[in-house]
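Participant: When you get a sec, could you build the whole thing from the sequences and use the hints?
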Amino acid sequence: MATTAPVHPVDEVPPVRRLAAFGLQHVLAMYAGAVAVPLIVGGAMKLSPADLAYLITADLLICGVATLIQCVGFWRFGVRLPIMQGCTFAAVSPMVLIGTTGGGLPAIYGSVIVAGLAIMLLAPVFGRLLRFFPPLVTGTVILIIGVSLLPVAGNWAAGGVGAKDFGEPRNLALAGFVLAVVVGVQRFAPPFLSRIAVLFGIAVGLAAAVPLGFTDFGGVGDADWLGISTPFHFGAPSFRASAIVSMLVVALVTMTETTGDLIAVGEMTDRRVEPRALADGLRADGLSTVLGGVFNTFPYTAFAQNVGLVGMTRVRSRWVVAAAGGILVLLGLLPKLGAVIAAVPSPVLGGAGLVMFGTVAASGLRTLAAVDFKGNHNLTVVAVSVAVGMLPVGVPTLYAKFPDWFQTVMNSGISAGCLTAIVLNLLFNHLPGRPGEREGGAAAPDAPTVTA
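Per our numbering, residue 1 is the first one in the sequence shown, and the count goes up by one each step.
There could be a bad hint or two in this list.
[As the list claims (entries may be wrong)] Derived DEER-like restraints, expressed as beta-carbon distance ranges:
1. F373 / R76: 35 to 41 Å
2. I228 / L379: 51 to 57 Å
3. R76 / D404: 29 to 35 Å
[Claimed, not checked] Quick list of in silico lysine-lysine cross-link-like pairs, DSBU-like style, CA-CA up to 35 Å:
4. K401 / K164
5. K46 / K164
6. K164 / K336
Honestly, the hints are just simulated from the structure, not real lab data. Virtual Cβ for every residue (Gly too), placed ideally from N, Cα, C.
Facilitator: Structure representation (C-alpha coordinates):
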(Lines of atoms letter the chains of each structure in order from A and count residues from 1; the text may use other names and numbers.)
(Lines give C-alpha, C1' and ligand atoms only; values in the text may rest on other atoms or scores of the structure.)
Protein backbone atom coordinates (compact mmCIF):
# COMPACT_ATOMS: atom_id res chain seq x y z
CA MET A 1 0.00 0.00 0.00
CA ALA A 2 1.41 3.37 -1.09
CA THR A 3 2.12 5.93 1.61
CA THR A 4 1.69 9.66 1.17
CA ALA A 5 4.86 11.69 1.58
CA PRO A 6 4.66 14.04 4.59
CA VAL A 7 3.93 17.67 3.75
CA HIS A 8 6.57 20.17 4.83
CA PRO A 9 5.16 22.71 7.35
CA VAL A 10 5.87 25.48 4.82
CA ASP A 11 3.43 23.86 2.37
CA GLU A 12 0.69 22.96 4.86
CA VAL A 13 -2.69 24.67 4.40
CA PRO A 14 -4.33 25.42 7.78
CA PRO A 15 -8.14 25.44 8.15
CA VAL A 16 -9.83 28.57 6.79
CA ARG A 17 -10.53 29.99 10.26
CA ARG A 18 -6.90 29.80 11.29
CA LEU A 19 -5.72 30.91 7.86
CA ALA A 20 -7.72 34.13 8.18
CA ALA A 21 -6.61 34.81 11.77
CA PHE A 22 -2.93 34.15 11.08
CA GLY A 23 -3.09 36.19 7.87
CA LEU A 24 -4.72 39.17 9.57
CA GLN A 25 -2.01 39.02 12.23
CA HIS A 26 0.66 39.44 9.52
CA VAL A 27 -1.24 42.38 8.00
CA LEU A 28 -1.50 44.17 11.35
CA ALA A 29 2.20 43.56 11.99
CA MET A 30 3.29 45.26 8.76
CA TYR A 31 0.53 47.78 8.04
CA ALA A 32 2.17 50.80 9.69
CA GLY A 33 5.44 50.13 7.87
CA ALA A 34 3.64 49.48 4.60
CA VAL A 35 1.91 52.87 4.49
CA ALA A 36 4.86 54.81 5.93
CA VAL A 37 6.78 55.09 2.64
CA PRO A 38 3.94 56.66 0.58
CA LEU A 39 3.12 58.93 3.53
CA ILE A 40 6.72 60.16 3.80
CA VAL A 41 7.32 60.57 0.06
CA GLY A 42 3.90 62.10 -0.63
CA GLY A 43 4.21 64.42 2.35
CA ALA A 44 7.67 65.63 1.25
CA MET A 45 6.26 66.38 -2.22
CA LYS A 46 3.28 68.22 -0.66
CA LEU A 47 0.71 66.11 -2.50
CA SER A 48 -2.98 66.77 -1.94
CA PRO A 49 -4.87 64.56 0.54
CA ALA A 50 -6.62 62.84 -2.39
CA ASP A 51 -3.30 62.02 -4.10
CA LEU A 52 -1.83 60.84 -0.80
CA ALA A 53 -4.78 58.51 -0.24
CA TYR A 54 -4.35 57.22 -3.80
CA LEU A 55 -0.67 56.43 -3.14
CA ILE A 56 -1.58 54.47 0.00
CA THR A 57 -4.30 52.36 -1.65
CA ALA A 58 -2.03 51.66 -4.64
CA ASP A 59 0.73 50.62 -2.24
CA LEU A 60 -1.53 48.23 -0.33
CA LEU A 61 -2.78 46.66 -3.56
CA ILE A 62 0.71 46.00 -4.93
CA CYS A 63 1.92 44.90 -1.45
CA GLY A 64 -0.69 42.15 -1.66
CA VAL A 65 0.15 41.19 -5.25
CA ALA A 66 3.89 41.19 -4.47
CA THR A 67 3.32 38.98 -1.41
CA LEU A 68 1.31 36.49 -3.46
CA ILE A 69 4.05 36.37 -6.12
CA GLN A 70 6.71 35.77 -3.48
CA CYS A 71 5.04 33.10 -1.33
CA VAL A 72 2.83 31.31 -3.91
CA GLY A 73 5.13 31.79 -6.89
CA PHE A 74 4.88 30.99 -10.58
CA TRP A 75 7.56 29.64 -12.92
CA ARG A 76 10.90 31.17 -11.71
CA PHE A 77 9.32 33.96 -9.67
CA GLY A 78 8.91 33.62 -5.91
CA VAL A 79 10.90 31.90 -3.16
CA ARG A 80 7.73 30.07 -1.96
CA LEU A 81 8.33 30.80 1.73
CA PRO A 82 6.20 32.80 4.22
CA ILE A 83 7.53 36.20 3.12
CA MET A 84 5.54 39.45 3.31
CA GLN A 85 6.46 42.16 0.80
CA GLY A 86 6.39 45.90 1.38
CA CYS A 87 7.94 49.17 0.19
CA THR A 88 11.60 49.45 1.11
CA PHE A 89 12.69 52.31 3.35
CA ALA A 90 16.08 52.33 1.61
CA ALA A 91 14.46 54.14 -1.33
CA VAL A 92 12.83 56.93 0.70
CA SER A 93 15.67 59.50 0.62
CA PRO A 94 16.49 59.08 -3.09
CA MET A 95 12.80 59.20 -4.03
CA VAL A 96 12.20 62.36 -1.99
CA LEU A 97 15.20 63.96 -3.72
CA ILE A 98 14.03 62.87 -7.18
CA GLY A 99 10.45 63.90 -6.49
CA THR A 100 11.23 67.37 -5.13
CA THR A 101 14.11 68.41 -7.39
CA GLY A 102 14.42 65.94 -10.24
CA GLY A 103 11.16 65.50 -12.13
CA GLY A 104 8.38 64.60 -9.68
CA LEU A 105 6.49 61.32 -9.54
CA PRO A 106 7.00 60.46 -13.26
CA ALA A 107 10.80 60.53 -12.75
CA ILE A 108 10.44 58.39 -9.59
CA TYR A 109 8.39 55.78 -11.43
CA GLY A 110 10.74 55.70 -14.42
CA SER A 111 13.71 54.99 -12.16
CA VAL A 112 11.70 52.40 -10.18
CA ILE A 113 10.82 50.49 -13.36
CA VAL A 114 14.47 50.42 -14.49
CA ALA A 115 15.58 49.29 -11.01
CA GLY A 116 13.04 46.45 -11.04
CA LEU A 117 14.27 45.24 -14.43
CA ALA A 118 17.87 45.40 -13.14
CA ILE A 119 16.96 43.29 -10.09
CA MET A 120 15.44 40.61 -12.33
CA LEU A 121 18.58 40.52 -14.49
CA LEU A 122 20.94 40.39 -11.48
CA ALA A 123 18.94 37.79 -9.51
CA PRO A 124 20.86 34.74 -10.87
CA VAL A 125 24.17 36.44 -10.01
CA PHE A 126 23.11 36.97 -6.38
CA GLY A 127 21.85 33.38 -6.29
CA ARG A 128 25.35 32.11 -6.99
CA LEU A 129 26.74 34.17 -4.08
CA LEU A 130 24.87 32.09 -1.49
CA ARG A 131 28.05 30.26 -0.47
CA PHE A 132 29.28 33.54 1.00
CA PHE A 133 26.38 33.45 3.52
CA PRO A 134 27.40 30.74 6.05
CA PRO A 135 25.78 30.67 9.52
CA LEU A 136 28.36 33.19 10.71
CA VAL A 137 27.07 35.78 8.23
CA THR A 138 23.39 34.86 8.29
CA GLY A 139 23.23 34.79 12.09
CA THR A 140 24.92 38.19 12.27
CA VAL A 141 22.58 39.66 9.66
CA ILE A 142 19.46 38.28 11.39
CA LEU A 143 20.68 39.71 14.70
CA ILE A 144 21.24 43.12 13.08
CA ILE A 145 17.80 43.03 11.43
CA GLY A 146 16.12 42.43 14.79
CA VAL A 147 18.09 44.99 16.78
CA SER A 148 17.82 47.67 14.07
CA LEU A 149 14.02 47.30 14.05
CA LEU A 150 13.67 47.80 17.81
CA PRO A 151 13.77 51.64 17.55
CA VAL A 152 10.80 51.38 15.16
CA ALA A 153 8.83 49.56 17.86
CA GLY A 154 10.06 52.11 20.42
CA ASN A 155 8.79 55.03 18.33
CA TRP A 156 5.43 53.30 17.93
CA ALA A 157 5.23 52.65 21.67
CA ALA A 158 5.89 56.31 22.40
CA GLY A 159 3.04 57.41 20.12
CA GLY A 160 4.58 57.52 16.65
CA VAL A 161 7.19 59.89 15.21
CA GLY A 162 5.78 63.41 15.02
CA ALA A 163 2.91 62.78 17.43
CA LYS A 164 2.08 65.71 19.72
CA ASP A 165 1.94 63.41 22.73
CA PHE A 166 5.11 61.51 21.82
CA GLY A 167 6.61 59.88 24.91
CA GLU A 168 3.59 60.49 27.17
CA PRO A 169 3.44 57.90 29.97
CA ARG A 170 -0.04 56.81 28.88
CA ASN A 171 1.32 55.82 25.45
CA LEU A 172 4.04 53.71 26.99
CA ALA A 173 1.57 52.26 29.48
CA LEU A 174 -0.71 51.11 26.64
CA ALA A 175 2.27 49.60 24.79
CA GLY A 176 3.37 47.85 27.99
CA PHE A 177 -0.15 46.50 28.48
CA VAL A 178 -0.18 45.03 24.94
CA LEU A 179 3.28 43.56 25.52
CA ALA A 180 2.07 41.92 28.76
CA VAL A 181 -1.01 40.50 27.00
CA VAL A 182 1.10 39.03 24.18
CA VAL A 183 3.53 37.42 26.63
CA GLY A 184 0.72 36.18 28.89
CA VAL A 185 -1.18 34.60 25.98
CA GLN A 186 1.99 32.89 24.78
CA ARG A 187 2.65 31.49 28.23
CA PHE A 188 -0.78 30.47 29.47
CA ALA A 189 -3.21 30.21 26.52
CA PRO A 190 -4.01 27.04 24.55
CA PRO A 191 -1.70 26.30 21.57
CA PHE A 192 -3.91 27.85 18.87
CA LEU A 193 -4.46 31.06 20.81
CA SER A 194 -0.76 31.33 21.64
CA ARG A 195 0.02 31.29 17.92
CA ILE A 196 -2.10 34.38 17.38
CA ALA A 197 -0.77 36.08 20.50
CA VAL A 198 0.16 39.21 18.53
CA LEU A 199 -3.28 39.48 16.92
CA PHE A 200 -4.94 38.87 20.30
CA GLY A 201 -2.72 41.48 21.96
CA ILE A 202 -3.51 44.06 19.27
CA ALA A 203 -7.25 43.33 19.54
CA VAL A 204 -7.23 43.66 23.35
CA GLY A 205 -5.07 46.78 23.11
CA LEU A 206 -7.45 48.33 20.58
CA ALA A 207 -10.43 47.51 22.82
CA ALA A 208 -8.67 49.28 25.69
CA ALA A 209 -7.60 52.20 23.52
CA VAL A 210 -11.10 53.14 22.28
CA PRO A 211 -12.61 54.27 25.63
CA LEU A 212 -9.31 55.94 26.59
CA GLY A 213 -9.45 58.20 23.53
CA PHE A 214 -6.45 56.80 21.64
CA THR A 215 -8.35 56.05 18.43
CA ASP A 216 -9.68 58.28 15.68
CA PHE A 217 -12.09 56.64 13.26
CA GLY A 218 -12.82 59.89 11.46
CA GLY A 219 -10.96 58.73 8.36
CA VAL A 220 -13.24 55.72 8.00
CA GLY A 221 -16.27 57.83 7.12
CA ASP A 222 -14.29 59.90 4.62
CA ALA A 223 -12.78 56.89 2.82
CA ASP A 224 -14.32 55.54 -0.40
CA TRP A 225 -15.80 52.07 -0.55
CA LEU A 226 -14.05 51.17 -3.80
CA GLY A 227 -10.75 52.37 -5.23
CA ILE A 228 -8.84 50.92 -8.18
CA SER A 229 -5.27 51.93 -9.03
CA THR A 230 -4.82 52.50 -12.77
CA PRO A 231 -1.42 52.35 -14.54
CA PHE A 232 0.51 55.63 -14.78
CA HIS A 233 -2.14 57.60 -12.88
CA PHE A 234 0.30 60.50 -12.36
CA GLY A 235 1.50 60.57 -15.98
CA ALA A 236 3.84 58.61 -18.23
CA PRO A 237 7.18 57.74 -16.55
CA SER A 238 10.23 59.79 -17.42
CA PHE A 239 13.71 58.29 -17.45
CA ARG A 240 16.41 60.58 -16.06
CA ALA A 241 19.96 59.32 -15.77
CA SER A 242 20.65 60.75 -12.28
CA ALA A 243 17.40 59.30 -10.91
CA ILE A 244 18.08 55.90 -12.46
CA VAL A 245 21.62 55.72 -11.05
CA SER A 246 20.46 56.49 -7.51
CA MET A 247 17.66 53.93 -7.76
CA LEU A 248 20.10 51.27 -9.04
CA VAL A 249 22.13 51.78 -5.86
CA VAL A 250 18.89 51.26 -3.90
CA ALA A 251 18.30 48.06 -5.91
CA LEU A 252 21.65 46.62 -4.78
CA VAL A 253 20.87 47.54 -1.17
CA THR A 254 17.42 45.93 -1.26
CA MET A 255 18.82 42.79 -2.89
CA THR A 256 21.29 42.49 -0.02
CA GLU A 257 18.57 43.03 2.58
CA THR A 258 16.18 40.61 0.88
CA THR A 259 18.91 37.97 0.74
CA GLY A 260 19.33 38.26 4.51
CA ASP A 261 15.56 38.09 5.11
CA LEU A 262 15.06 35.06 2.83
CA ILE A 263 17.90 33.18 4.49
CA ALA A 264 16.49 34.11 7.92
CA VAL A 265 13.04 32.74 7.08
CA GLY A 266 14.64 29.64 5.56
CA GLU A 267 16.42 29.03 8.86
CA MET A 268 13.24 29.57 10.90
CA THR A 269 11.13 27.26 8.75
CA ASP A 270 13.74 24.49 8.33
CA ARG A 271 13.73 24.93 4.57
CA ARG A 272 17.16 26.19 3.65
CA VAL A 273 17.26 28.66 0.78
CA GLU A 274 19.30 27.21 -2.10
CA PRO A 275 20.88 29.39 -4.84
CA ARG A 276 18.04 28.78 -7.29
CA ALA A 277 15.36 29.61 -4.69
CA LEU A 278 17.25 32.78 -3.72
CA ALA A 279 17.38 33.87 -7.36
CA ASP A 280 13.64 33.17 -7.70
CA GLY A 281 12.92 35.28 -4.62
CA LEU A 282 15.00 38.19 -5.85
CA ARG A 283 13.42 37.90 -9.29
CA ALA A 284 10.01 38.24 -7.62
CA ASP A 285 11.28 41.40 -5.90
CA GLY A 286 12.26 42.79 -9.30
CA LEU A 287 8.90 41.99 -10.89
CA SER A 288 7.04 43.55 -7.93
CA THR A 289 9.19 46.67 -8.21
CA VAL A 290 8.33 46.98 -11.92
CA LEU A 291 4.65 46.63 -11.02
CA GLY A 292 5.18 49.32 -8.40
CA GLY A 293 6.50 51.72 -11.02
CA VAL A 294 3.57 50.98 -13.33
CA PHE A 295 0.83 51.13 -10.68
CA ASN A 296 1.95 54.35 -8.93
CA THR A 297 3.89 52.99 -5.98
CA PHE A 298 7.50 52.20 -5.04
CA PRO A 299 10.26 49.49 -4.87
CA TYR A 300 9.37 46.31 -2.97
CA THR A 301 11.36 44.02 -0.73
CA ALA A 302 10.87 41.34 1.92
CA PHE A 303 9.50 42.90 5.12
CA ALA A 304 11.72 42.16 8.10
CA GLN A 305 8.86 42.97 10.52
CA ASN A 306 7.09 39.78 9.54
CA VAL A 307 10.21 37.64 9.79
CA GLY A 308 9.94 38.08 13.56
CA LEU A 309 6.29 37.06 13.51
CA VAL A 310 7.15 33.78 11.76
CA GLY A 311 9.80 33.03 14.39
CA MET A 312 7.59 34.00 17.32
CA THR A 313 4.41 32.16 16.35
CA ARG A 314 6.20 29.16 14.76
CA VAL A 315 3.48 29.18 12.06
CA ARG A 316 5.55 28.29 9.00
CA SER A 317 2.88 27.90 6.30
CA ARG A 318 3.39 30.11 3.25
CA TRP A 319 -0.36 29.92 2.65
CA VAL A 320 -0.91 31.96 5.81
CA VAL A 321 1.13 34.75 4.23
CA ALA A 322 -0.74 34.22 0.96
CA ALA A 323 -3.96 34.87 2.92
CA ALA A 324 -2.34 38.06 4.26
CA GLY A 325 -1.54 39.04 0.67
CA GLY A 326 -5.18 38.53 -0.25
CA ILE A 327 -6.26 40.74 2.65
CA LEU A 328 -3.88 43.47 1.47
CA VAL A 329 -5.35 43.29 -2.04
CA LEU A 330 -8.81 43.79 -0.49
CA LEU A 331 -7.54 46.74 1.54
CA GLY A 332 -6.11 48.23 -1.65
CA LEU A 333 -9.43 47.83 -3.46
CA LEU A 334 -11.60 48.84 -0.47
CA PRO A 335 -10.10 52.02 1.06
CA LYS A 336 -12.71 52.05 3.85
CA LEU A 337 -11.35 48.75 5.20
CA GLY A 338 -7.85 50.16 5.02
CA ALA A 339 -8.96 53.16 7.05
CA VAL A 340 -10.24 50.86 9.80
CA ILE A 341 -6.87 49.10 10.05
CA ALA A 342 -5.09 52.48 9.97
CA ALA A 343 -7.04 53.53 13.09
CA VAL A 344 -5.07 51.07 15.27
CA PRO A 345 -3.04 53.37 17.59
CA SER A 346 0.76 53.37 17.32
CA PRO A 347 1.31 52.37 21.00
CA VAL A 348 -0.70 49.19 20.39
CA LEU A 349 1.55 48.30 17.45
CA GLY A 350 4.60 49.24 19.51
CA GLY A 351 3.83 46.77 22.28
CA ALA A 352 3.45 43.94 19.77
CA GLY A 353 6.49 45.10 17.77
CA LEU A 354 8.81 44.84 20.77
CA VAL A 355 8.08 41.11 20.97
CA MET A 356 8.31 40.48 17.22
CA PHE A 357 11.51 42.40 16.57
CA GLY A 358 13.16 41.01 19.68
CA THR A 359 12.30 37.55 18.36
CA VAL A 360 14.20 38.29 15.14
CA ALA A 361 17.30 39.25 17.13
CA ALA A 362 16.98 36.13 19.28
CA SER A 363 16.74 33.99 16.13
CA GLY A 364 20.05 35.47 14.99
CA LEU A 365 21.63 34.49 18.28
CA ARG A 366 20.26 30.97 17.84
CA THR A 367 21.90 30.73 14.42
CA LEU A 368 25.20 32.04 15.80
CA ALA A 369 25.07 29.36 18.50
CA ALA A 370 25.92 26.83 15.76
CA VAL A 371 29.09 28.74 14.80
CA ASP A 372 32.53 27.74 16.08
CA PHE A 373 34.26 30.67 17.84
CA LYS A 374 37.40 28.79 18.96
CA GLY A 375 40.77 29.34 17.32
CA ASN A 376 39.48 31.80 14.69
CA HIS A 377 38.37 35.40 14.15
CA ASN A 378 34.63 34.82 14.01
CA LEU A 379 34.01 36.90 17.13
CA THR A 380 35.65 39.86 15.39
CA VAL A 381 33.38 39.38 12.35
CA VAL A 382 30.26 39.49 14.52
CA ALA A 383 31.49 42.36 16.72
CA VAL A 384 32.51 44.71 13.90
CA SER A 385 29.47 43.88 11.74
CA VAL A 386 26.99 44.55 14.56
CA ALA A 387 28.84 47.77 15.46
CA VAL A 388 28.75 49.07 11.86
CA GLY A 389 25.11 48.03 11.50
CA MET A 390 24.06 49.83 14.67
CA LEU A 391 25.88 53.11 13.93
CA PRO A 392 23.21 54.61 11.62
CA VAL A 393 20.47 53.33 13.97
CA GLY A 394 21.96 55.07 17.00
CA VAL A 395 23.24 58.15 15.12
CA PRO A 396 20.90 58.71 12.14
CA THR A 397 22.80 61.81 10.91
CA LEU A 398 26.21 60.11 11.04
CA TYR A 399 26.67 60.07 7.24
CA ALA A 400 24.88 63.35 6.47
CA LYS A 401 28.04 64.91 4.95
CA PHE A 402 28.68 61.97 2.61
CA PRO A 403 27.49 61.65 -1.02
CA ASP A 404 23.91 60.54 -1.61
CA TRP A 405 24.89 57.12 -2.99
CA PHE A 406 26.96 56.41 0.14
CA GLN A 407 24.10 57.47 2.41
CA THR A 408 21.72 55.21 0.49
CA VAL A 409 23.90 52.20 1.29
CA MET A 410 25.15 53.02 4.78
CA ASN A 411 22.09 54.71 6.30
CA SER A 412 20.41 51.33 6.33
CA GLY A 413 21.83 49.50 9.32
CA ILE A 414 20.75 46.20 7.76
CA SER A 415 22.62 46.70 4.48
CA ALA A 416 25.67 48.27 6.20
CA GLY A 417 25.97 45.39 8.67
CA CYS A 418 25.29 42.76 6.02
CA LEU A 419 27.98 44.09 3.67
CA THR A 420 30.45 44.31 6.57
CA ALA A 421 29.75 40.71 7.62
CA ILE A 422 30.24 39.45 4.05
CA VAL A 423 33.52 41.34 3.58
CA LEU A 424 34.95 40.30 6.96
CA ASN A 425 33.96 36.68 6.45
CA LEU A 426 35.79 36.74 3.09
CA LEU A 427 38.82 38.39 4.72
CA PHE A 428 39.13 35.98 7.64
CA ASN A 429 37.65 32.74 6.34
CA HIS A 430 38.18 32.63 2.57
CA LEU A 431 41.45 34.42 1.84
CA PRO A 432 44.70 32.56 2.66
CA GLY A 433 45.60 33.14 6.30
CA ARG A 434 48.48 32.49 8.63
CA PRO A 435 49.65 28.88 9.01
CA GLY A 436 47.62 26.96 11.58
CA GLU A 437 44.50 29.07 11.21
CA ARG A 438 41.32 27.34 10.14
CA GLU A 439 38.08 28.54 8.62
CA GLY A 440 35.20 29.18 10.97
CA GLY A 441 32.35 30.50 8.90
CA ALA A 442 30.24 27.45 9.64
CA ALA A 443 29.94 25.20 12.60
CA ALA A 444 33.01 23.07 13.09
CA PRO A 445 33.47 20.30 15.60
CA ASP A 446 36.06 20.62 18.33
CA ALA A 447 39.22 18.62 17.87
CA PRO A 448 38.94 15.16 19.43
CA THR A 449 40.60 14.69 22.76
CA VAL A 450 43.23 11.92 22.79
CA THR A 451 43.41 9.97 26.01
CA ALA A 452 46.24 7.75 27.08
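Participant: With reference to the structure, classify each hint as holding or not holding.
Facilitator: Hints versus structure:
Separation of F373 from R76 is about 38 Å and conforms to the stated range, judged on CB atoms against 35 to 41 Å. Checked against the hint of 51 to 57 Å, the pair I228 and L379 passes, with Cβ atoms roughly 54 Å apart. Range check, R76 to D404: Cβ separation about 33 Å, and the 29 to 35 Å hint holds. Distance restraint check for K401 and K164: the Cα-Cα separation of roughly 30 Å lies within the 35 Å cut-off, and the hinted pair is therefore satisfied.
Taking the CA atoms of K46 and K164, the gap is near 21 Å; set against the 35 Å cutoff, the hint holds. As the CA atoms of K164 and K336 are separated by approximately 26 Å, the hinted pair is consistent with the 35 Å bound.
When the structure is compared with the earlier hints, no violation turns up for any of them.
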